[in-house]
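Input sequences plus hints: build the corresponding full structure.
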Amino acid sequence: MTYLFSHWRLIGVLTLQHLGLVFAALGIALAIALPLGVFAARVPRASGLLLGALGALYAIPSLALLAVLVRSFGLGAAPVIVVLATYAQFILVRNIAAALRAVPRAQLDAARGIGMSSRQQFWRVELPLASPVMIGGLRLATVALIAIATLGGYVGAGGLGSEIFFGLQRRYLEQTLAGSIPAALLAIAADAAFRGLERMATRRTTG
Amino acid sequence: MNWPDFWQHVATYLELAAAALAGGIVAGIPLGILASHLNFARSPILLAANLGRVIPSLAVLTFMLPLFGVGLAPAVAALGLLAIPPIVINADLGFRAVPATAVDAARGLGMTNAQIFRQVEWPLAFPILFTGVRTAAIEVIASAVLAAFIGAGGLGEYITEGLQANIPRLLFLGAGTIAAIALAAEFGFGFAQRRLEVKT
Amino acid sequence: MWRRSLSISVSVGFDSVVARYPQADRNAVDGVSFEIPAGSFTVLLGPSGCGKSTLLRTVNRLVTPTSGTVTVGGRDIASIEPTALRRATGYVIQAVGLFAHMTVAQNIAVVPQLLHWDRERIEKRTDELLDLVGLDPQRYRLRFPRELSGGEQQRVGVARAIAAEPQVLLMDEPFGAVDAIARRSLQDEMLRIVRALQTTILFVTHDVEEALHLADRIAVMRDGKLLQYAAPEEMLRAPASPYIAQLFAVNDDLRRYDELRNALSRRA
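Residue numbers (this note's numbering), protein chains in the order written: chain P, 1 to 207; chain A, 208 to 407; chain E, 408 to 675.
Rather than coming from a laboratory, the hints here were simulated on the basis of the structure.
Heads up, incomplete: computed chain E residues facing chain A, CB under 7 Å, no partners named:
1. T490
2. R493
3. R494
4. Y498
5. A502
6. G504
7. H508
8. V517
9. V518
10. L521
Glycine is no exception: its CB is placed at the ideal position from the N, C-alpha and C atoms.
Rendered as structure tokens:
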């Protein structure tokens, strides 16, 4: 533990870097997953195929995909962000589709009944009502990405993983744990924070 | 290309994953049954299981190093630990989803507790429990790649060697084989699960 | 075995039966005593929470009385192994409780299997029962409960309960979940069947109409206590309390209203 405490400044920087990787990837992933999720919710027949394909991609171990991408993107943050965004797709699309499908029909009918355009229906009624389940998806995705992002340390993208791998290379356990313990805590904290958001959103939508 | 070496890596990889999954099943199912049947045991067990699902698998692998040193032992222990949470969570879900009316009817018809468990609760809970085993298997197979980092060998070694020494052939061999095994497991378990769902 | 020592139908007796659930602030069944003659069809009638289901469940020891004794065929059931008692007692519940992972035939065969009948006898009995409850064995034997309508499920539920020829049949609002239109005909048909068995039947309902329609004898319960146990005619003629008089009077009003409405609709 002495290593961790004497290098707290470094660990802090690496934690921020780690979060940077995760949220950059999450932003990109969300921009792709939202339209895909809406599509999957609207076209049930295509959703099975789409989710099956994304699920297959998700089943491939991330290190394998990362290793292949390093060949084309080179070392650094780029291949890691691509891998993270790819893995987030399955979780996000599945949850967005499920969330939209669970929105009560009656409230959509009511929205149409009072004269909302379909765009207004989506942004003002459907999306807010679906938000608790969607936030649940964001939670799962964030936790998964924090875990996968530790591999970034292996391909020169920084983050808490770099301490883990430097430690492993040098057979210096303290340094390894100085990466893995904060990574575990970060995942736990992210999980708790999103659960809090989920509860808030649930309270707002079931008022 | 060294084929005996390749098969050795595949064997190590599969053995690692299978041993860990078996351990996860043996520990996870009783814990899930406990959680679903005993109210006071439920929250601590599920809390621990949720924590286990949140902590990154690479972190769990490194946490085993102080206990077991490097090599195969910490890898099996860590992967086994990673397999437990999804099985516990789904076993609990499965058993709590068994309709109380079915259990009441079974008792009323004169089944003993053991008969109720074996003939009614277990078969009704099994499809959901199996989903947990499937999730655990996929996770263990993914994390078994990482075991190479702590000296446990297996297919992950092709990736680490391929990246370090910049040998693309080795890297693609490792990544491709791992992906093939993962997909085979995903579809195999998916197929088995659909068979189960048709039956109940 | 215990069941061989009994005749086809047996009496059921309650002697100062008290039942209280853990953590409850009052008795669910509060000192009930009466004797149900062998072969009778007795309806336990009362509002929800009056203790009628709890009383029913003491008969197959799903509920153990806090005090008092329940007898079947004159024998204190506390001395009978619960599983043996239950296998000799039919049990039909509102939720039906068919086992979703078993076929119709397997559901019906549960008790015979528990009693270790041989396979041939079980198969023969299963088909016989399916015929009896009006489901074609060829078509229904291998179906799963989720492929059946509510009414069909309850037919299977009844067949399962009477499979091993129980001397006592317990029915807890068995037609409560069936929609109103199908209920009456299902009721009539199931009753014809179970009456033909000549077993002693205890039937729980909160529906006065249903009670009058079915019962040889009605036991009215309220707040865990038995208010009156008598034949329907006697209960209408000489209700033991104002509550009972009111219970059946409201029903009278309803019946008059129904008749009036029917007459009007016929005219229109």
